[in-house]
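Engineer: Taken in order, these protein sequences are the chains called D and Y. If you count the first sequence from 1, you need to add 2 to reach the numbering used here. If you count the second sequence from 1, you need to add 146 to reach the numbering used here.
Please note that a few of the clues may not be correct.
[Unchecked claim] Partner residues are not named here, just some residues of chain Y that face chain D (Cβ under 8 Å, in silico):
1. Lys156
2. Arg159
3. Gln160
4. Arg163
5. Gly355
6. Thr356
7. Glu358
8. Asn361
9. Val362
10. Thr363
Just so you know, these hints were derived from the structure itself, not from any lab. Using N, Cα and C, we set each Cβ at its ideal position, and we do this for glycine too.
Here is how the chains run, residue by residue.
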Amino acid sequence: MSIIVKNISKSYKQVKALDNISLEVPSGELFGLIGPDGAGKTTLFRILTTLLLPNEGTASVTGYDIVKDYKSIRNTVGYMPGRFSLYQDLTVEENLRFFATIFGTTIEENYDLIRDIYVQIEPFKNRRAGRLSGGMKQKLALSCALIHKPKVLFLDEPTTGVDPVSRKEFWEMLKRLQEQQITIFVSTPYMDEAALCDNIALITNGKILRIDTPEGIKASFPHKIYKVKSTKTFKLIQDLGAYEQTHSAYPFGEYIHFTPNTTAFRTQDLTHFLKENHHTNIEVFETGPTIEDTFMELSD
Amino acid sequence: MNIIRYIIQKEFRQIFRNKAMLPIIFIMPLIQLIILSNAASFEVKNIKFGYIDNDRTSSSRELIENFNASTYFNVLTDFSSSKQAKSAMLNGDVDVVLEIPRHFNRNLIKEKKTDLSVTINAIDGAAAGVENVYVNQIVERFNANTKVQLIQLGTAGVQPQIIDTIPLFWYNETLNYKTFMVPGILVLLVTMITLFLSGMNVVREKEIGTLEQINVTPIKKHQFIIGKLFPFLILGLLLLTVGLIIAKILFHIPIVGSIFLMYGYTVIYILVILGIGLFISNFTDTQQQAMFIAWFFMVIFILMSGLFTPVESMPQWAQILTEANPIKYFVQVMRMVMLKGAGFSDILPQFAKTLLYAFAMNGLAVMSYKKFT
Numbered sequence: 003m004s005i006i007v008k009n010i011s012k013s014y015k016q017v018k019a020l021d022n023i024s025l026e027v028p029s030g031e032l033f034g035l036i037g038p039d040g041a042g043k044t045t046l047f048r049i050l051t052t053l054l055l056p057n058e059g060t061a062s063v064t065g066y067d068i069v070k071d072y073k074s075i076r077n078t079v080g081y082m083p084g085r086f087s088l089y090q091d092l093t094v095e096e097n098l099r100f101f102a103t104i105f106g107t108t109i110e111e112n113y114d115l116i117r118d119i120y121v122q123i124e125p126f127k128n129r130r131a132g133r134l135s136g137g138m139k140q141k142l143a144l145s146c147a148l149i150h151k152p153k154v155l156f157l158d159e160p161t162t163g164v165d166p167v168s169r170k171e172f173w174e175m176l177k178r179l180q181e182q183q184i185t186i187f188v189s190t191p192y193m194d195e196a197a198l199c200d201n202i203a204l205i206t207n208g209k210i211l212r213i214d215t216p217e218g219i220k221a222s223f224p225h226k227i228y229k230v231k232s233t234k235t236f237k238l239i240q241d242l243g244a245y246e247q248t249h250s251a252y253p254f255g256e257y258i259h260f261t262p263n264t265t266a267f268r269t270q271d272l273t274h275f276l277k278e279n280h281h282t283n284i285e286v287f288e289t290g291p292t293i294e295d296t297f298m299e300l301s302d
Numbered sequence: 147m148n149i150i151r152y153i154i155q156k157e158f159r160q161i162f163r164n165k166a167m168l169p170i171i172f173i174m175p176l177i178q179l180i181i182l183s184n185a186a187s188f189e190v191k192n193i194k195f196g197y198i199d200n201d202r203t204s205s206s207r208e209l210i211e212n213f214n215a216s217t218y219f220n221v222l223t224d225f226s227s228s229k230q231a232k233s234a235m236l237n238g239d240v241d242v243v244l245e246i247p248r249h250f251n252r253n254l255i256k257e258k259k260t261d262l263s264v265t266i267n268a269i270d271g272a273a274a275g276v277e278n279v280y281v282n283q284i285v286e287r288f289n290a291n292t293k294v295q296l297i298q299l300g301t302a303g304v305q306p307q308i309i310d311t312i313p314l315f316w317y318n319e320t321l322n323y324k325t326f327m328v329p330g331i332l333v334l335l336v337t338m339i340t341l342f343l344s345g346m347n348v349v350r351e352k353e354i355g356t357l358e359q360i361n362v363t364p365i366k367k368h369q370f371i372i373g374k375l376f377p378f379l380i381l382g383l384l385l386l387t388v389g390l391i392i393a394k395i396l397f398h399i400p401i402v403g404s405i406f407l408m409y410g411y412t413v414i415y416i417l418v419i420l421g422i423g424l425f426i427s428n429f430t431d432t433q434q435q436a437m438f439i440a441w442f443f444m445v446i447f448i449l450m451s452g453l454f455t456p457v458e459s460m461p462q463w464a465q466i467l468t469e470a471n472p473i474k475y476f477v478q479v480m481r482m483v484m485l486k487g488a489g490f491s492d493i494l495p496q497f498a499k500t501l502l503y504a505f506a507m508n509g510l511a512v513m514s515y516k517k518f519t
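Whole structure, please, built from the sequences with the hints as guidance.
Structural biologist: This is the structure:
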């Protein structure tokens, strides 16, 4: 096991940020922590990277205890905080060299590991980090977190505020890193990224709802799910809320995801109900559940 | 060692890359030195002087002539009544009013004794005190002259008994205020720059989030702190050098003592200030907070340093407080070494206290700096 978390709790005054969290991440796995803002993701990251002490519980990273062996952990993990936190007034190369030096290594020594990522920003190596685009900043931050060849990589919302193309590229890079036997612990509020992880933990309000593979999470959804659409989306949500067979209904892209509260549900009934309520261009068809559906179901 | 060197290198790079920062560090203090040294004078000149002459005799006119001859007083107006003089003072048209009583001359000759009334605008207490001394000096001189005249007129043979004091101002013969202000102001500038820069530097890393990134690295506390603070020690010494050159060339301040001793003491002094700066930054989250706290200490340190008002004139409790004021020691040492040529044994008490202070502050700062919360 690369990361073991046992019954970790952390409170900030009255607010309980983490409530009795337990999870395990095997070596070489890409593990996703999925949850909305304020769920406690960053707090867990800060505890695992030895920046914060938990109130209760124990945790270890690559076998080192986060309280007793914090010095060893700092040598073996790479951490990329959610906010870009490199020196904006130093150049790309200077930033990378700085982090290499304070980890007691050099860029040349571990160049192999970062080559894939660094070649993309190398043409701009004399540019100050503050003048890079969002996607390039993120690549630089990842290079800096990797420069000392960590065994575990902690990435706290690495793709927040990054364009869709760069996001896709970024996840491809993570997949390649995983092949190098690096355990990756990543958090994201985006459910579509969750599907790319080996295992995911759904977290909200400091509690873990479920830990499973993305497929397992989807399969655990207990209801049938239907996509519903009409020309009047807002009225559609209101009307579905009033419909007697509704279990849940919430917007999902251009459709409404609707789950019935009875197995006897027939799509004709819903279509009929919507027609009565003066909806036009009605579409109702069955679809497979997504991770987001499970998340919404579990967090209700 | 390699790590410390790289951090120092990085800090200097960041300082020199910040286009707005360089002038702030070097140009601003030097402008302050030039302006303050020329302006922060205790001499009171061009005092607006008015008088009410109720006597109108040759003696009273002679007394007024004495004021007129003085470079400190501008004899402005001859008021006809004290009521008029009062309203002029209320308007701020006049600072000092001398009222010569009726029968001034007659009393002086017959009874060898008379009164004068002096009214001084004491809105500025320090200036009023100085003005009072000037008035007394002129009146005394006038007094001495008339005594001699009276004696010459009257009983010859009796020697006039006048004790004359001739003051000698050691280490600053002409009582040139610049000679003692410039070393003091230089001290303030070195202190301000090093305190503000060090106080805000670590907080800045907190603000931009880089401190968190650094805290997860295996870097050691002392490596980080030495690497961070060393550049400011160099900057402080550089500032002192430029300031001393200006003091010598522009203000002709004598540098009697050993330059080496001065720099040696300054190194220890700057360590104290850097310790205070780091201590402040450990307890603040934003540069703004750090700035305000640094200012709080700075103002107290400056006003209680003995630079503008002598420590000896402060109340007992305040004098005890000044024991914890590093600026006081630095001002003393700079004046002693520069003007008096004091050697190491002369400044040993200040040296020892500053050294102790440096250990205490840096110890506290290192202890309060935590790599995790």
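Engineer: Given a cut of 8 Å on the nearest C-beta pair, is the interface hint for Arg163 (chain Y) held or broken against chain D?
Structural biologist: 5 Å, holds
Engineer: Please check whether Gln160 (chain Y) passes as an interface residue: C-beta within 8 Å of a C-beta belonging to chain D.
Structural biologist: Since the shortest Cβ distance to chain D is 5 Å, the answer is holds.
Engineer: So, as I understand it, the hint says Arg159 (chain Y) touches chain D; can you test that by seeing if any CB pair is closer than 8 Å?
Structural biologist: At 7 Å from the nearest chain D Cβ, Arg159 (chain Y) passes the 8 Å test, so the hint holds.
Engineer: Does the interface hint hold: is Asn361 (chain Y) within less than 8 Å of chain D, judged Cβ to Cβ?
Structural biologist: This hint holds: Asn361 (chain Y) lies near chain D, its Cβ roughly 6 Å from the closest one there, short of 8 Å.
Engineer: When the nearest CB of chain D is found for Val362 (chain Y), is that gap smaller than 8 Å?
Structural biologist: 5 Å, holds
Engineer: Does Glu358 (chain Y) meet its interface restraint, that is, does its C-beta lie within less than 8 Å of any C-beta in chain D?
Structural biologist: 6 Å, holds
Engineer: Under 8 Å, Cβ to Cβ, is where Thr363 (chain Y) needs to be relative to chain D, so tell me if that hint holds or is violated.
Structural biologist: 5 Å, holds
Engineer: For the hint on Thr356 (chain Y), does the least C-beta distance to chain D fall short of 8 Å?
Structural biologist: 5 Å, holds
Engineer: Let's test the interface hint: is any C-beta of chain D closer than 8 Å to that of Gly355 (chain Y)?
Structural biologist: Nearest chain D Cβ about 3 Å off; hint holds.
Engineer: Hey, does the Lys156 (chain Y) contact hint survive, CB to chain D under 8 Å?
Structural biologist: 6 Å, holds
Figure legend: structure checked against the earlier numbered hints; every hint is met.
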